[in-house]
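Read off the chains here:
4 protein chains.
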Amino acid sequence: MIRVGIVGGTGYTGIELLRLLVNHPEISLEIITSRGEAGRHVGDLFPSLRRKLELSFSEPNPAALSACDVIFFATPNGFAMTLVPFLLSEGTRVIDLAADFRLKNPDEWQQWYGMPHACPELLAEAVYGLPELNREAIKNARLVANPGCYPTAVTLGFLPLLERDCVWPESLIADAKSGVSGAGRKAAVETSLCEASETVRAYAVAGHRHLPEIRQCLAGASRGPVGLTFVPHLMPMIRGIHATLYARLRKRDLNLQELFETRFRAEPFVDVMPAGSHPETRSVRGANFCRLAWHRPQDGETVIVLSVIDNLGKGAAGQAVQNMNIMFGLDERQGLEQVALLP
Amino acid sequence: MIRVGIVGGTGYTGIELLRLLVNHPEISLEIITSRGEAGRHVGDLFPSLRRKLELSFSEPNPAALSACDVIFFATPNGFAMTLVPFLLSEGTRVIDLAADFRLKNPDEWQQWYGMPHACPELLAEAVYGLPELNREAIKNARLVANPGCYPTAVTLGFLPLLERDCVWPESLIADAKSGVSGAGRKAAVETSLCEASETVRAYAVAGHRHLPEIRQCLAGASRGPVGLTFVPHLMPMIRGIHATLYARLRKRDLNLQELFETRFRAEPFVDVMPAGSHPETRSVRGANFCRLAWHRPQDGETVIVLSVIDNLGKGAAGQAVQNMNIMFGLDERQGLEQVALLP
Amino acid sequence: MIRVGIVGGTGYTGIELLRLLVNHPEISLEIITSRGEAGRHVGDLFPSLRRKLELSFSEPNPAALSACDVIFFATPNGFAMTLVPFLLSEGTRVIDLAADFRLKNPDEWQQWYGMPHACPELLAEAVYGLPELNREAIKNARLVANPGCYPTAVTLGFLPLLERDCVWPESLIADAKSGVSGAGRKAAVETSLCEASETVRAYAVAGHRHLPEIRQCLAGASRGPVGLTFVPHLMPMIRGIHATLYARLRKRDLNLQELFETRFRAEPFVDVMPAGSHPETRSVRGANFCRLAWHRPQDGETVIVLSVIDNLGKGAAGQAVQNMNIMFGLDERQGLEQVALLP
Amino acid sequence: MIRVGIVGGTGYTGIELLRLLVNHPEISLEIITSRGEAGRHVGDLFPSLRRKLELSFSEPNPAALSACDVIFFATPNGFAMTLVPFLLSEGTRVIDLAADFRLKNPDEWQQWYGMPHACPELLAEAVYGLPELNREAIKNARLVANPGCYPTAVTLGFLPLLERDCVWPESLIADAKSGVSGAGRKAAVETSLCEASETVRAYAVAGHRHLPEIRQCLAGASRGPVGLTFVPHLMPMIRGIHATLYARLRKRDLNLQELFETRFRAEPFVDVMPAGSHPETRSVRGANFCRLAWHRPQDGETVIVLSVIDNLGKGAAGQAVQNMNIMFGLDERQGLEQVALLP
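If you read the protein sequences in the order shown, they are chains B, U, G and X.
Anchor point for the first sequence: position 190 equals 1033 in this note's numbering, and the numbering is continuous, going up by one each time.
Anchor point for the second sequence: position 320 equals 1163 in this note's numbering, and the numbering is continuous, going up by one each time.
Anchor point for the third sequence: position 9 equals 852 in this note's numbering, and the numbering is continuous, going up by one each time.
Anchor point for the fourth sequence: position 297 equals 1140 in this note's numbering, and the numbering is continuous, going up by one each time.
Think of the hints as simulated: they come from the structure by calculation, not from any bench.
Accuracy of the hints is not assured; some may be wrong.
Remember, identical chains collapse to one label, so a pair may be satisfied in a single copy or spanning two.
[As the list claims (entries may be wrong)] Lysine to any residue pairs mimicking SDA-like chemistry, simulated, CA-CA at most 20 Å apart: (1) K1094 - S1014; (2) K1029 - S1014; (3) K982 - L1092; (4) K947 - L965.
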C-alpha cells in the first residue's frame, strides 16, 4: 500500500482528493493536515465523508509527512515550496496541486505570483504533470507540478494542432468558461450564490495567472513562441470548464478528425468525440476526463476546438491521482473509474 | 457473474442504474432496452458513458430478457406488470423501480394510477424493497417493488418513532422538498430551466401518488392506521430530497438520539447525525445514503426529523442495486461505495 | 417631494430600496450612507444603477440625516437604535428594516439579539409595519418597525384563520423555504454558490430570531398565546420565500376561500389565488406582493396555506416603501407597480 | 393613447412585452392573441400578471388587429409574414420580434429559415430596428424588424471599431454566451433544468441562424464584407447574453475609450463602462440596456469587447418597446425605466 498524505485538505481540491482516494485500492491515507481545522474529524467538516473516512485533520508536521511515500499539496500558492525540499531530501515524493512548480522561469513565477520563489533550483527538476505530454518523465519524477485547470483544458485542445504545425501559432485565442469552484472554497462576496448565480462575466482579462502557464505548454508543443489571447469567464455553476479554442489553419486539406483521434488513441482519459459534436461539461462532472470535438464552420480557415473537463477532476485532483498512479507504476485508471454524475 | 438486464434505460433512473452497474464487480450488463432509442449506442445518448459501456439500446424482447438472472424495470408506471409474470415464470427475478408492485391493495392501486392492475395476484408476493424494513424477505424475493423516493425519505425518518410508539400516529406531517429530476427525463414546459429554476412551489397538495405508499409504510411500522399530511415541493436543483417531518411526542422522557442510533446501527446506508445537525441533500448527492437528524425545539412536544436522500440514489437506482445485492447474497455495499459529489 | 435618506445602503435591502426609490415619483433621494464605501459612487458598487442614480455613499452624519423627512435603516441589527432617538427628536420619521423595534418586550429582544436594547422606551411607540394589520397606526407613526421576511409570509398566511378562530392556535407549524439573499450580502463560505446551490437544508431549527416575532404577530391575531413550530430552510436560489403553513381546523363547515378573499379584498398587495392553486415564488420576484392559496387535502381537519413573497420585496424593501407611502399620505401603490420578473 | 396588439403572447418575448407594456403610460393594450390559450385569462397562465392586467388571450383576428395602431409579433419565425401585408395595407404599423424581416436577401432568408418568404417585396422596406444604427429610419417606418438577441449584443460591441476602420474586418470572432430563455418557452428535454443547469456547452457551431443577420449588420457598419466566426453557448441561467468579441487592430495608437464613449454618448440604453471593466449580465437583467467594456491585454494587437444584454430586454421586448417609442414620437425611455433586478 502506498502511504499517502494530503497537506491542506479543507479546500475543494483537498476534498476531491479525499473523495477519490478513499476508494483507491492501492493506497492508505495516513495524514490530512489543516491548520484551521486541526483536531476536527474530516466527516464533521465534510458530511459527505461521514462513514467513509475515519481520520481527523492534523497540524502539518514535516517529520510525519516524510514518513509517507507521497504527499499531495492542496494548499494556497507559495506554501508547498517551503516544505518540498525537506520532503524530497527524505525520499518522499510530491505532487503539488498549487502553482509553485508549474513555471520553469523563476522570474516569471515571481512576476505572476508576487513573491520570490523559495527553491528555484527545483523548477528545472519538477515535471509538469500533464500525462498526455510527459508520461515518461512523470514515471520517475520526485516532484510533479500538477497542471492548472485552464491549462489542462486549453493545452489538450490545441495540442494535436500545434504539434503537427496545422495552425498559425501567433494568434491563438482561448475563450474559457469555468464553474465557481475554480475560485476555491472561501468566504467572498463575489462568489456567493447571490452574486455568482444567474449571471455571466469575464474576469482577469488583462492577465490571468494561468496565461504564462498555458503559453509555456503551447510553446513546448509548438517548438517556438506562441501568441495567445486568454479570456476566462465565470459561469453560474459549481464544476466544469469549457474551453472554446480558435486558431487559423495553415493548410486546407487536413483530416482533423484523424489527427485528434490518432494523437489521443492511447490516452485513457481523453475522449475525442465525433466530428460536429458539442461536448458538455456535465458529461465529465466528477470524472477524470477531457472530452474534445473540433469544428470548421463554413469550411473556412478558422478551426474551433471545444474542450471540456471537470476543473476539480482532470483539472486538479483527478489528474493528481492519475499522476500518482503513473509515478508508482499502478494501472493509470485505478481509483478513477467513476462515471460522471449525469444528471 | 450475475446477468443483468435493464428495461427502459433512457430515463434518469435508467442512466443512474447504468452509472452504478458499469463499475459493479459482480455483474455483467447484458441488455438495455428502449423502444425510442433502439439501435443507438448508449454513449451516444449519454456522453458521460462514452468509453465506459459498449452497449446499444435494443427493443424489449421477453425471451432475451428471460435469459438474464435479474431485470430492472426503469419504465413508466404500468409497463412492468405486463412483462413480470412471464419473467418470473422463466425464473428471472425482477426489481421494479416503478410503482407497479408497491401497493398491496389492487383497488387502491387502480384508484391512484388510473388503470386496472394487470397481475393483482402478484401484489401479495411482491416484497417492498426497503432493506431497512424488509431485508430478510428481500433475500429470497422473486419480485421486489423498489420504493419511491419520497416514501424512502419519509419512512426512514419516522420509522424509529412509530415502531416504538413514541409519537401520536394520527397527525403526522411530511413536508418534502425534491429536486427536479424526480419528475423524470421528459420534455415539459414546467420542468424547463426557465420555469423551474429560481423558484419554489408546492405541487399535488390535494393528493400525490406517493401518499398511499407512504401511508402503507407508516401503518406497517405503527401497526395501525396513520393520519398523514404530505406536501411535496419542487426545488430549483437537479437531485435531492429533503423531508422535514413533524410529529407529536406521546412521552417526554425519551432518549431520541439513542433511539435513532440503535435502530440504524447495523444499517450500512443510514447515517444518524449528531443531535442538532442539519443534513444537506448535497451530502448524499450521487450516493446511496440517507442522513437523518432529529430536533425538539424549545423542548416542546413536537419532534422534527430531517431526512435527506438523493432521489436517484437511495430513492431509486442506488436502492435497487442494494436490493439486488441482498437478493443475490452479495456484500450489500458492492457497487455502492461512491462518495457523494461535494461540492 | 419627500426627502429620503438611507442608512446602510450596501446590503441587499439597501440596493432593493434604491432600485425602487429611483423610480418613485414623489421622493428625492438625498443621502445614502455606508461606512465601508464612503466616497464611492453607487453605480460603481452596483452597476445595475449606473446611469440611474448620481449619488455617492457618504459617512452617516446625524445632522445631515435629520434634514430628511424620512430615514430608512438598512443596517445590521442593533445600529438603528443608536440613532433613532436623535432623529425622532429632530422630527425625522424612521422606517427600520432591521429588527431593532420589532419586539415589544425589551427582555425578549435582548435574549434573541444578544445585547441590551438602547432605547426600550421606544418599543411601545414603534408601529409594526405590516399594513394589512396596522395601516391606521402606520399613517401617523414616527417610527415604523418593518417586519422580517419570514414573519410577513407566515403572518399573512395564518391571519384570516386566527382572526376568525378557525384553527387551534396551540399547534401551528410553519415550514418556510427561503432564497439565499435572506442571509444578506456578505462573505461567507456557507452562502457561496458552491456550498448553497444544488442543495437544500434546514437551519436554526432549535430557534430562529424570527420565531418570537412571528409568535407576537400570531398572538395578536389570535388574541392569545399561540404554539408555533417554525423551521426555516435554505433554498438554492437568490430571492423568494415559500411558507407552507399547517393548522388544525376547529370546525368543518367553513368557506375558506371566502374567508381569505374577504379578509384581503381591499389589500393592494395580497393576492388570494383560486382554491387549489400552488403559488410560485417567481410569480412575485421583484414585486411587492404576497400570493396565497389554501388547501384541505382529503377534506381532513388539516388546513394548509401556501404563502409566497419576495424576501427583498414584500419581505423587506417593498414593504418599507409601502409603509412610507402610507406614512406620507401617498397612493400606497406608488413606486411599487413593477410586475414580477418572470421568467 | 396608442392602441397596441400582441400576436403570440405566450412565449417569453410575449410575456416580457406584457410586463413592460402594462406600466407604459402612453399605450392601451387592446389585444393579445394565442391560438393555444384563446379564452384563458392572461393572469391564469402567467400569475405574475394577476391583478396587473385584465385581458384574455384571443384567437388572432386580422380585422381586430388592424384596429390597433401597432402590432407586435412575438410569434415563431414565418408567421408574421402571413399577416403583415394586410396590416400594413390597413395602416397598422408592425414590429416583428421574429426573424421574418431581418435579412434583406430573400434567398438567404429561405436558406436559413427553410421556407420561401411570403412577401419578399417588403424586405427592402422593413427597417432593421436597432435604434443605435437606424433611429431616423425607424421614426417613419411602417414595418420594423426587431433584431435578434445575439445580433444586438454583437453588433453594438463591434460597431465603433468597424465604423472607424479600427480593426481588420476579415477575422472577427464572437464567442457568445446565452441564458436558456433564448431558446423560448417550450417543452424540450435539452432545455429542462436537469439537462441545462450545472453545465455549459456550445451549440450550432456549424452555423446559427443569427450568423447571416450579424454579418449583415457588421457589413453595413464596415461598408464592406466581413469575416465572422460566431460560436453561441448555452449558459445555466435564465436571462442574459454575454458576447466576448475579438478583433485585430489595424493601428496601435487609438484611444478606444474615447471612441466608444463618443459613439454612444447620446444613446439612452448603451452604457460604456470604464476601461478594464467586466460587465455582468445580471447588471442588465430585466432592463433595456447594453453594457460594454473593451480590453487590450498586454497592449497587443487584439482588442476584446465585452458586451452584455438581457436577451429578453434589449435583445427582444425592451428593444421592441424602444422602437415603438421612436415610431410614435414618444420619449424613447417611456416604459423602459426599470432598474435591473440585482441580486
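Verification of the supplied hints:
1. K1094 - S1014: both (15 Å within a copy, 17 Å between copies)
2. K1029 - S1014: Cα proximity of K1029 and S1014: none, with 35 Å in one copy and 40 Å across.
3. K982 - L1092: neither (35 Å within a copy, 46 Å between copies)
4. K947 - L965: This pair counts as within: shortest intra-copy Cα distance 9 Å, inter-copy 63 Å.
The structure fails to meet hints 2 and 3 from the earlier list, while all remaining hints are met.
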